[in-house]
Amino acid sequence: MRLRTLLALLGAAVLVLVGPPLLTTGSGAETGTQIPGLRFMVPNTPGGGYDITARTAAKNAEDAGLTHNIEVFNLPGAGGTVGLSRLVSEHGNGKLAMSMGLGVVGAVRSNHAPKTLADTTPIARLTEEQDVVVVADDSPYKNIDELIEAWRKNPGKLPVGGGSSPGGPDHLAPMLMAQAAGIAPKQVNYIPFDGGGELLASILGSKVAFGVSGVGEYLDQIKAGDLRVLAVTGPERVDELDAPTLKESGYDVNFTNWRGIVAPPGLSEAERDKLTRLVAELHDSPEWQKSMEKNGWDDAFLTGEKFGDFLDAQDRRVVSVLKELGL
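Using this note's numbering, read the sequence shown as starting at 1 and increasing by one per residue.
No lab work stands behind these hints: they were computed from the structure.
All values derive from a computational prediction rather than experimental measurement.
Among the hints, a few may not be true.
[Unchecked claim] Under the rule of at most 35 Å between Cα atoms (straight-line distance), these lysine-lysine pairs were calculated in the DSBU-like manner:
1. K115 to K207
2. K247 to K207
3. K186 to K95
4. K157 to K142
[Said to hold, decoys possible] So the derived label-pair ranges between C-beta atoms look like this:
5. A184 to D63: 46 to 56 Å
6. P140 to N69: 26 to 36 Å
7. E324 to A270: 37 to 47 Å
8. D312 to D252: 22 to 32 Å
9. K142 to D312: 36 to 46 Å
10. D226 to F310: 29 to 39 Å
11. E149 to R237: 18 to 28 Å
12. F73 to G304: 38 to 48 Å
Beta carbons are placed, not taken as given, at the ideal position from N, Cα and C, and that holds for glycine.
Given these sequences and hints, build the entire structure.
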C-alpha cells in the first residue's frame with residue numbers, strides 16, 4: 001500500500017514537471033490583470049470619444065489576453081455627471097471603471113454637480129488628442145478663413161456644436177478660437193451635445209454651421225468625405241488630415257484634449273493596484289499602440305497619484321479659462 005502511494009506521488013510530480021503550464025504568456029494571470037466581471041462605464045452616448053476609447057480599450061485588453069469579457073455600457077446625461085454620480089455611489093466596487101476626460105471636468109463645474117472627480121479613485125490618463133473644426137461636405141465654407149469671416153459678421157447666427165457641456169473641451173476650443181478671431185465669447189451660439197455621436201447628426205443635417213470634436217471621433221467620416229476638416233486645434237498638423245493648425249492660419253490657439261479612466265471610491269489597495277496594472281499592461285500592448293496610431297491619439301500615460309494631481313490641476317484650469325473668457 002505504501003509502495004503504491006509512493007509511486008502515485010512520484011507520478012504526480014512527473015506530470016507537474018513535464019506537463020504543459022497552466023498559465024501561459026498573455027493569459028493575464030501571470031501579471032495579475034484578470035478581473036472577472038469587469039464593467040466599463042461610458043458616461044455619454046455611443047459614438048463619442050469616451051465610447052470609442054472604452055470599447056477600443058476593452059477589445060485590445062481582451063485581444064492581448066489581459067482579461068476577458070469586459071462589459072462596456074453607456075450611461076449618458078449632463079455631460080458625464082450622471083455617470084460620475086453612479087460611479088461614486090458604487091463605493092468599494094473594484095469591478096467597475098469609467099472612461100472620462102476633460103469634458104467631465106468641465107461638466108462638473110457647469111452643472112454644479114454634487115459629486116466631483118475628487119470623489120473617485122484615479123487610475124490612469126491614457127491619451128491626448130487635438131480637436132478638429134469640421135463642416136458637412138456640402139457646407140459653403142471651404143477653408144477656415146471663410147468660416148471665420150462669416151462668423152465674425154454674425155456670431156449668433158452661426159451656431160457651433162460640440163460634444164461636451166460648457167467648460168468641456170468641445171466648448172473651450174471654439175471659445176478660444178472666437179477670442180483669437182476677435183469675437184466676444186459671450187456672443188458665440190454654442191450648442192452642446194451629449195457626445196460626438198449626437199453632434200455628428202447635427203453637423204451632417206446642417207443644424208449647426210460647424211462642429212468641434214476630437215480627431216479620433218470623426219477620422220472615419222473625414223476620410224469617407226462626409227465631413228470636411230477646416231483646421232486642427234493643436235500645435236502641429238495631424239499626419240492623416242489635410243488641414244492646417246489654427247495657429248498657422250493666423251489664430252493664436254493651441255488646445256488639446258485628453259482621456260482617462262477613474263474608478264469608484266473606497267477600493268482596497270489590491271483592487272486599485274490590479275486595475276492600474278491592467279491599464280499599464282494594456283498601454284504597453286501592441287494592440288493598444290496600433291489603436292492609438294489608427295485613431296490619431298497621442299500617448300499621455302499617467303497613473304495613480306500623479307494622475308490625481310493632474311485632475312486637480314485641470315479643474316483649476318477650467319475655472320481659470322472660463323473666467324478669462326468672461327463665461
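A quick look at each hint next to the structure:
| no. | hint | result |
| --- | --- | --- |
| 1 | K115 to K207 | holds, 33 Å |
| 2 | K247 to K207 | holds, 27 Å |
| 3 | K186 to K95 | violated, 43 Å |
| 4 | K157 to K142 | holds, 18 Å |
| 5 | A184 to D63: 46 to 56 Å | holds, 49 Å |
| 6 | P140 to N69: 26 to 36 Å | violated, 49 Å |
| 7 | E324 to A270: 37 to 47 Å | holds, 43 Å |
| 8 | D312 to D252: 22 to 32 Å | holds, 27 Å |
| 9 | K142 to D312: 36 to 46 Å | holds, 42 Å |
| 10 | D226 to F310: 29 to 39 Å | holds, 35 Å |
| 11 | E149 to R237: 18 to 28 Å | holds, 22 Å |
| 12 | F73 to G304: 38 to 48 Å | violated, 26 Å |
The structure shown violates the earlier hints numbered 3, 6 and 12.
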